[in-house]
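Q: Here is how the chains run, residue by residue.
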Amino acid sequence: MLCHAVHRLLLAIPVLLGVLTVGFMLMQVVPTDPATVRAGPMATADVVAAIRRDLGLDRPLLVQFGLYLARLLQGDLGVSIINNIPVATELGNTIGPTLELMLASLIWSIPLGLALGTIGAYWRGKLIDRAVMAVSVAGVSLPVFFLGLILIWFVGFRWGLLPFTGRSGPLWTLDGLIGITLPALTLGGVFIGPVARMTRTAVLDVLGAEHVRTARAKGLREITVVLRHALRNALIPVVTLIGLQIGFLLGGAVVTETIFSWPGVGRLAVGAITSNDFPMAQGTILVLAGGFIVINLVVDLLYAVLDPRVRA
Amino acid sequence: MLKKILAGAALLGLAGVQPALAQANPPDTLIALRAFDSDNYDPIRSTARSAGEVVYMLADTLTSVDWDMKTVTPGLATSWTVSPDGKLYTFKLRDDVTFCDGRKMTADDVVFSISRLADPANKSPVRWRAGPVKEIRAKDATTVEYELTQPFSELLFQLSLFFASVVDKNSVEKLGANFGVQGFNGTGPFCWVSWTPRNELVMTKHEGYKWAPPIFKNPSPQVGKVIWKIVPDDNTRLAAMQSGQGDVTQYIPYVAIESLKKTPGIQMSQQPNYFWDYFLGFKVDKPVVNDPLIRKAMVMAVNRPAIAKAVFFGAGDAADAYLNPNVLDYDPASKALLPAYSPDNARKLLDDAGWKAGADGVRVKDGLRASFTVYGITDVVWTRTAEAIQADLRRIGVEMKISLFDATIAWGKLATQEFDAFVMSYPYVSAGDALNLYWPSTNRPTPNRMNWNDPETDTLLATARGALDPIDRKVALAKVQERVTEANVWIPLVREQLWVASSKRTVGARAHGLYGVGIYKGLDISLTK
Numbered sequence: 202m203l204c205h206a207v208h209r210l211l212l213a214i215p216v217l218l219g220v221l222t223v224g225f226m227l228m229q230v231v232p233t234d235p236a237t238v239r240a241g242p243m244a245t246a247d248v249v250a251a252i253r254r255d256l257g258l259d260r261p262l263l264v265q266f267g268l269y270l271a272r273l274l275q276g277d278l279g280v281s282i283i284n285n286i287p288v289a290t291e292l293g294n295t296i297g298p299t300l301e302l303m304l305a306s307l308i309w310s311i312p313l314g315l316a317l318g319t320i321g322a323y324w325r326g327k328l329i330d331r332a333v334m335a336v337s338v339a340g341v342s343l344p345v346f347f348l349g350l351i352l353i354w355f356v357g358f359r360w361g362l363l364p365f366t367g368r369s370g371p372l373w374t375l376d377g378l379i380g381i382t383l384p385a386l387t388l389g390g391v392f393i394g395p396v397a398r399m400t401r402t403a404v405l406d407v408l409g410a411e412h413v414r415t416a417r418a419k420g421l422r423e424i425t426v427v428l429r430h431a432l433r434n435a436l437i438p439v440v441t442l443i444g445l446q447i448g449f450l451l452g453g454a455v456v457t458e459t460i461f462s463w464p465g466v467g468r469l470a471v472g473a474i475t476s477n478d479f480p481m482a483q484g485t486i487l488v489l490a491g492g493f494i495v496i497n498l499v500v501d502l503l504y505a506v507l508d509p510r511v512r513a
Numbered sequence: 073m074l075k076k077i078l079a080g081a082a083l084l085g086l087a088g089v090q091p092a093l094a095q096a097n098p099p100d101t102l103i104a105l106r107a108f109d110s111d112n113y114d115p116i117r118s119t120a121r122s123a124g125e126v127v128y129m130l131a132d133t134l135t136s137v138d139w140d141m142k143t144v145t146p147g148l149a150t151s152w153t154v155s156p157d158g159k160l161y162t163f164k165l166r167d168d169v170t171f172c173d174g175r176k177m178t179a180d181d182v183v184f185s186i187s188r189l190a191d192p193a194n195k196s197p198v199r200w201r202a203g204p205v206k207e208i209r210a211k212d213a214t215t216v217e218y219e220l221t222q223p224f225s226e227l228l229f230q231l232s233l234f235f236a237s238v239v240d241k242n243s244v245e246k247l248g249a250n251f252g253v254q255g256f257n258g259t260g261p262f263c264w265v266s267w268t269p270r271n272e273l274v275m276t277k278h279e280g281y282k283w284a285p286p287i288f289k290n291p292s293p294q295v296g297k298v299i300w301k302i303v304p305d306d307n308t309r310l311a312a313m314q315s316g317q318g319d320v321t322q323y324i325p326y327v328a329i330e331s332l333k334k335t336p337g338i339q340m341s342q343q344p345n346y347f348w349d350y351f352l353g354f355k356v357d358k359p360v361v362n363d364p365l366i367r368k369a370m371v372m373a374v375n376r377p378a379i380a381k382a383v384f385f386g387a388g389d390a391a392d393a394y395l396n397p398n399v400l401d402y403d404p405a406s407k408a409l410l411p412a413y414s415p416d417n418a419r420k421l422l423d424d425a426g427w428k429a430g431a432d433g434v435r436v437k438d439g440l441r442a443s444f445t446v447y448g449i450t451d452v453v454w455t456r457t458a459e460a461i462q463a464d465l466r467r468i469g470v471e472m473k474i475s476l477f478d479a480t481i482a483w484g485k486l487a488t489q490e491f492d493a494f495v496m497s498y499p500y501v502s503a504g505d506a507l508n509l510y511w512p513s514t515n516r517p518t519p520n521r522m523n524w525n526d527p528e529t530d531t532l533l534a535t536a537r538g539a540l541d542p543i544d545r546k547v548a549l550a551k552v553q554e555r556v557t558e559a560n561v562w563i564p565l566v567r568e569q570l571w572v573a574s575s576k577r578t579v580g581a582r583a584h585g586l587y588g589v590g591i592y593k594g595l596d597i598s599l600t601k
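Quick note, the sequences are listed as chains A and B, same order.
Numbering-wise (the working numbering), the first sequence opens with residue 202 and increments by one.
Numbering-wise (the working numbering), the second sequence opens with residue 73 and increments by one.
It is worth saying that the hints were derived from the structure and are not from the lab.
On a predicted model such as this, the values are computed, not experimentally measured, just so you know.
Hints are not guaranteed to be accurate.
Distance windows between CB atoms, simulated [what the hints assert, rightly or not]: (1) B:212 to A:230: 27 to 35 Å; (2) A:230 to B:342: 38 to 46 Å; (3) A:255 to B:414: 46 to 54 Å.
Only part of the chain A face toward chain B is listed, based on derived beta-carbon distances under 10 Å [claimed, not checked]: (4) 214; (5) 252; (6) 285; (7) 365; (8) 366; (9) 468; (10) 472; (11) 476.
Examples of chain A residues lying across from chain B (beta carbon under 8 Å, computed) [claimed, not checked]: (12) 215; (13) 357; (14) 361; (15) 364.
Note that the Cβ used here is the ideal one computed from N, Cα and C, for glycine as well.
Looking at chain B on its own, in the form it has when it is part of the complex (with noise of 0.2 Å):
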C-alpha cells in the first residue's frame, strides 16, 4: 500500500485523490474492446467483422444460427415455408417488433431492407448474399414472400447474416449516405446513441425488447448500456482488461490467449463452431503453380502443424481440410484426399515429375525454374507464416518469393494477375457460403483469386445453389470439396481459434462467431457490479 501510494504520489503528483483515480467502469454499462473501428454501420455498405459485431446489436435479422453452427433457428421470422420449386419462401414474421423510435414493425420494412441489399443500384458488395431475388413483397402485415427467380439453398443462413439486417426505412431515407454514420435505427436490442469514429459507439438497451431468438435464455438485454470502445494497441487492449478497465472483448492476441486462461478474474469462451481459415491459393493457370504435380509436392512439404504451434501460439488448429470439420455440409472424405505432410514423398514426387535441382538447389523442368511469387497482407501472422511455407518449400526444393503489402495496398495488389499464389483467411457460415465466394468461375479475379475456371464445378456448385433436399446439397457440395482438393489448388494452413475474454464482473459472455462475431447481439450477458 505504502509503494503504491509513494508511486503514485512521486510518479503523479496528485496523491491526494490517488486510490479512486482508476475508477471501476460505471455500473450497468459493458465496456466491449475491440481493436478495429467499421467504416460505417450501414449493414449493407460494409463487410467488416467490426460493423457486424455492431449491427448485430442494433439490428435484427430473418433468421438465426445456433451455438452448432448448423441450425437455423427463428429471429424475426418466427417460421418459414418453401414451395415445392424452391423459389417461394414465405416468412411469418413476429408482431410484437418494435423499432428503437417506438414504431411497429412490419412486413413493409422487410421488404425493404431486404430490397436494398438485393438492388443493384446499391451498389452492395455483399448483394449477392440476398440469392436470385425476383421480388420480396409484403403478403399482409406479418407475412413476407420471397420470391426468387432460381432455387438458393443457401438462403436461410444468409438471411442470418447482418446484411439483412431489418432496418427503418423512414430513418435511411431521412439520413442517405449517413445512415449507420449519424444515426440507426433498427429493432435489435440495443440502440445507437453515438459514434465517434475510431474512438467508441455508444448504445443502450432498447426497450420493451423480448424477442431474442430462441438461443438466448433471456429475451431481453440484461445490460442498460454498451460502449464500444477502440483500443488500437494490443498490449493496452489486454492490459485494459487484466486491470478491468474493459469488460469483454475478443481481439486477444494469440499469444496472450494462454496467460489470460490462467489470469485470475478473467473468464475465457471458446467457440468449438468457428469457421475462420487460413490459407495458401494458386493460381492454377500461372506457369509452375499451374502444375497439379507441384502443387501437390508443396501441400504435402508444408507443415501445418508446426505453424499453428509456433505462428498461433496453439490458439489455432492445424487444418486437415480445405473446410472445418464442423461446418454444415463439410465433407469428411475430402479430408483423405489431402496429401498428408511428407517432406520426401514431396521430394520423390517432384524427382520422378522430372523436376531435378539446380545449382542453386532450386528444381528445374523444361528450363522452367521452380520458384513462383505470393502475395498477401503483411502482419505478424502472415510474415512468419509465409517465412514458414518458404523454409518449407526451400526443402524440397521450390523457391517461394514472399511479396506482403500494407493493407493499404493489398487489396489493390492482390486484385490483380501480377502473383501466383496469395495467403488469405475469411470466415464463412456453411460449406455452400464458403464453395459459392471463392470457386465459381464468374467470381474471377476475385474473390476467385485461383483463377479456378472448372465446368464441373460450376455446375455442381449450382446444382448445390438450387439443391431443394439438404441431401442433394450435401453430395453436390460434397463432390466440389473432393474436386478441389485433389487438385490441390490451396494449401489449407489454420483455422483460428474464436476466444471470447470477460471482466470478474460480467457474466454470461458466451462465444457465437457468426461471420466471426464473438460477442453476438449481447444479450445473457450481465453486470454484477
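This is chain A alone, in the form it adopts within the complex (with noise of 0.2 Å):
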C-alpha cells in the first residue's frame, strides 16, 4: 500500500512541473505587458516603460522563468506585482473558503446523489426510478450559474430566508453555516445528477451478480445485501467519477464564487489573470492543478481500499 502512494506521488512529480511550466508560458503569450495595464489607460509611454523595467518584464523570458523555479524551490511564490502582496498570503487566505465551500458542497451531495443512484437502481423501471433519473438529469443539464441565479432570486431575494454576498465567517459558526448555504447548495446541486447516474448504473451491474444472489440465499436482510454487497462494490467507477467531478468542481466553484462574491480561490484567479499579475496567476495555477493532482492520488488510493485487486 506504501509503495503503491509513493509511486502515484512520484508520478506527480512531472504533471506538476508541466503544469509550472505551461502556465507561466501561457501568461507570457498574453500579447501584452502588465505594466501597461498597471500604469492605467492614461499613462505616458515613459511611465509603462519605467513600470515594465521595475517590473523585470524586459529581461529576456528564460531568465525570467529560472529566476521563477529558483524562488518556488526555496518556497517562495513571489508577490503579485500589481499590490506587492505575498502571493502565498493571498493563498493562504483564499484557499480556506474554496475547501469550505467544496466541502459544504460535498458533505450532502455525494450521500444523495449515491442514495438516488441506489434507490433508482433497486427500483428499476419504476416511479421512483424515473423521478431519480429526471433530478440527475436535470443536475447533469443545469448550469451552475443559473442554479444560482434562481437560488438567489428566489431563496434570497423573493423570500428573502438566505444571504447571497460573501462568506459570513468561518464554517463552524451559525453565521459561516447560514453565509454558505446557498453557495453549497448550488455548487452540491451541480454534483448530484452524475453522481446518481453513475451509482444507478454501477449498482444495476452488479445487483445481478453472482455474490448478491449468494448473499440473498444466505438470507441477509435486503438492506444489507443492497448496501454491503452491492453498492460497495459499485462503488469503484463511482469513485473514479467523484474524483474527476471534484476536478470540475474546482471549475464550478469559479463561477460560483464570482456569483456569490465568495472570497476564494476561483475568484482569487480569475483576478489575476485579468489583470496580468503573472505570480499570483502562477500560484493559483499551482494550486489548482496541485489540487487536481492530490484529488486524483486520494481517488488511486481509495482504489486500493475498495479493491485490493488494485495493490497487486
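Relying on the hints, combine the two individually framed chains into one complex.
A: Take a look at the structure:
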C-alpha cells in the first residue's frame, strides 16, 4: 500500500512541473504586458516603460522563468506585481474559503447522489426510478450559474431567507453556516446528477451478480445486501467519477464564487489573470493544479482500499 | 408565510431557524456594493475609480468641487491666493485637522503628499496632474506655497482629485510599497480597518472629524462603519440592493436603472453634472481615416440617439458635442460644428469626394477601399455599440472591422499603431482636464491615440494652461474644441448617466461624480436602523 502511494506521488511531480511550465508560458503569450495594465489607460509611454523595467519584464523570458523556478524551490511564490501582497498570503487567505465551499457542497451532494442512484437501481423502471433519472438529468443539464441565480432570486431575494453576498464567517460558526448554504447548494446541486446516474448504472450491474444472489440466498436482510454487497462493489467507477467531478468542481467554484461574491481561490485566479498579475496567476494555477493532482491521488489510493486487487 | 416556511424547510432543512437567517445589515454600518476592487489604495499609484471612491473617504484634498462640478470649494485649504504671474499658489490650511492616528496635520504633510505625486522617481501615472511643479514648501504650519515653473490654470481642479490626497508621511515611510495595501493613515471622514482584496474593505468613522468640505450639510460622518463589498455579478448585486443586503451602490447595469426607479424602498439619485463620455476616435495619420471628408461623413452616418436608447437603455444621453455642456469651459459654438445625423448627406458627401461604391458595396477611391479597423475593450456595451456603428457606416458604403479585446490585453493593443480607430470612455472634471489629456501632441501614442499633432492645438492648450484670467482660458479651450470638432477626429457617442441607488434605511445618499465617484466621501449619509 505504501509503495503504491509513493509511486503515485512520484508520478505527480512531472505533472506538476508540466503545469508550471505551461502556466508560465500561457501568461507570456498574452499579447500585452502587465506594465500597461498597471499604469492605466491614461499613462504616458515613459511611465509604462519605467514600470516594465521595475517589474523585470524587460528581461529575457528564460531568465524570468529560471528566476521563477529558483524562487519556487525555496518556497517563495513571489509577490503580486499589482499590489505587492505576497502570493502565499493571498493563497492562504483564499484556499480556506474554497475548501469550505467544496466541503459543504460535497458533504450533502455525494450521499444524496449515492442514495438516489441506489434507489433508482433497486426500483428500476418504477416511478421512483424515473423521478431519480429526472433529477439527475436536471442536475447534469443545469449550468451552475443558472442554478445559483435561481436560488438567489427565490431563496435570497423573493423569500428573503438567506444571505447571498459573500462569506459571513468560518464554517463552524452559525453565521458561517448560514452564509455558505446557498453557494453550497448551488455547487453541490450540479454534482448530484452525475453521481446518481453513475451509481444507478453501477449498482444495476452488481445487483445481478452471483455474490449478491448468494448473499440473498444466505437470508441476509435486503438493506444489508444492497448496501454492503451491491453498493460497495459498485463504488469503484463511482469513486472515479467523483474524483473527476471534484476536479471539475474547482471550475464550478470559480463561477459560484463569482456569483456569490465568495472570497476563494477561483475569484483570486480570475482576478489575477484579468489584471495580468503573473506571480499571482501562476500561484493560483499551481494550487488548482496541485489540488487536482491530490484529488486524483486520493482517488487512486481509495481504489486500493475498495478493491485489494489494485494493490497487487 | 406557509409557502415561505415550506420552501425554506424543503430547500434547506433549516426550518427552525429560517426567518431570521437573512439578517438585515448591522446597525450603523453602511454596506456599499460595487463591481470591482482596486489594485491598491495608494492615491498616487492607482487611476481606478474604485480606488477613488475609497480614498476620498480615507483622505482629504486641499480643494473640493461643488455639486455643480464647476465651482472649486475649500477642502483642507480654507482659502488660497494666486500670484499675478500665476506661478505661485499660497494655500491657507485648517489648523484643526488630525490623521486617523491622532497626529495633527500640518503644512509639512501637504508638502510631502503632493511632492510625492509630482516626483518623477515615484512613477505616478498621473504625475502631470500636479502641474509643472518647481517647489512645494511649507511657509509655516498652516501655509503651503505651491510654486510652478509655468502657470497651470487647471491646478485647483486637479488638487480636488484623489491623487492629490494628503497622507501621513510616517505611515507611507513605514509601509513603503504596502501603503494603501496593508494600511492607510489619512485625515478623511473614515479610517482604514482592513482590506481583503476582491472581497471587502472595512473602514470606521474618524472620531473628531469635523472638517468636511462646505458642500455637505454635516461636517462629520453620520455612520459608524462602512464596508465596501465587492459583488462582481450584476444580477447578484441588483438582488442584494433590492433585498436590503446592500445599502448603496452606483454600479447599476443600464438595463436595470428604469426598473430600480420603480422599485419600492429603493431611492435613486442622479447627478446631472456628470462627465463620463463614450467616443470613437480616428488615428488621423492612417489611410482612409486620414481623409477629413470621410471622417465627416462617418460622423454624419452614426445614429447616436439610437445607440443611447438601444445600448444604454436610455441611461445614457446621445453626445452632441465633444464635451458635456455642463462642464466648466464648455464651448456651445463647437456643438454647431458637429455634423448632424444625416446618412443621405453623408452619402452625397462621399459621392462628391470621389468615393464610389465598389462591387461589394464598400466605396473605393484611387484603389483604396473605404475600410478600417477599430479596436476597443470587449464588453456588452462596446460590442453592441460597435456593431451599431458598423451597421450605420455600412449604409454609407464604409466598412468598419471590429476587433474588441479582453481587458487583459486591450490596453496593450490600444498602445500600438495597429488600428485605425478606437472606442473608449473616460471621466473628466473640466474642459481643460479633458482636452489636456487627449489632445497635446506630446501625449502620443497614449493617451493621444489619434496621433493628433497640431501645433495650433498645442499652442492653444498651452495658452489655456497658462491663462491667468478664466476668460482667456475659456476662449483658448473653446478654440481647441472648435478645431478638433471641425476636423472630425472623434465621433462623440454617448454621455453616461450617474445614478446612485440606496436602500430603504439609507438617508442622504446623493450622487456626486467627481472622477466618476458616485458616493463622494460618504458624508451626509445616515441609516435609519
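Q: Next step is simple, just say for each hint if it's right about the structure.
A: Going through the hints against the structure:
Between residue 212 of chain B and residue 230 of chain A the beta carbons are some 58 Å apart, a value that contradicts the proposed interval 27 to 35 Å. The supplied range of 38 to 46 Å is met by residue 230 of chain A and residue 342 of chain B, whose beta-carbon atoms lie about 44 Å from each other. About 51 Å separates the C-beta atoms of residue 255 of chain A and residue 414 of chain B, a value consistent with the hinted range of 46 to 54 Å. Hint on residue 214 of chain A is violated. Least Cβ distance to chain B is approximately 31 Å, over the 10 Å limit.
The restraint placing residue 252 of chain A at the interface with chain B holds, with a minimum CB-CB distance near 6 Å, inside the 10 Å limit. Because the smallest distance between the Cβ of residue 285 of chain A and any Cβ of chain B comes to about 5 Å, under 10 Å, the interface hint for this residue holds. For the restraint placing residue 365 of chain A at the interface with chain B, the shortest Cβ-Cβ distance is roughly 6 Å, inside the 10 Å limit, so the hint holds. A cut of 10 Å between beta carbons decides the hint on residue 366 of chain A: the least distance to chain B is about 5 Å, and the hint holds.
For residue 468 of chain A, the shortest C-beta to C-beta distance to chain B is roughly 5 Å, which falls under 10 Å, so the interface hint holds. Residue-level restraint check for residue 472 of chain A holds (minimum Cβ-Cβ distance to chain B is 5 Å; threshold 10 Å). For residue 476 of chain A, the suggested interface contact is upheld, since its CB lies about 7 Å from the closest CB of chain B, less than 10 Å. Below 8 Å, beta-carbon pairs count as interface contacts, and residue 215 of chain A has none with chain B, the closest being about 29 Å; its hint is therefore violated.
Interface restraint check for residue 357 of chain A: the shortest CB-CB distance to chain B comes to about 6 Å, inside 8 Å, so the restraint holds. Contact between residue 361 of chain A and chain B, as hinted, is supported at the beta carbon level, the nearest pair being about 5 Å apart and thus within 8 Å. A cut of 8 Å between beta carbons decides the hint on residue 364 of chain A: the least distance to chain B is about 5 Å, and the hint holds.
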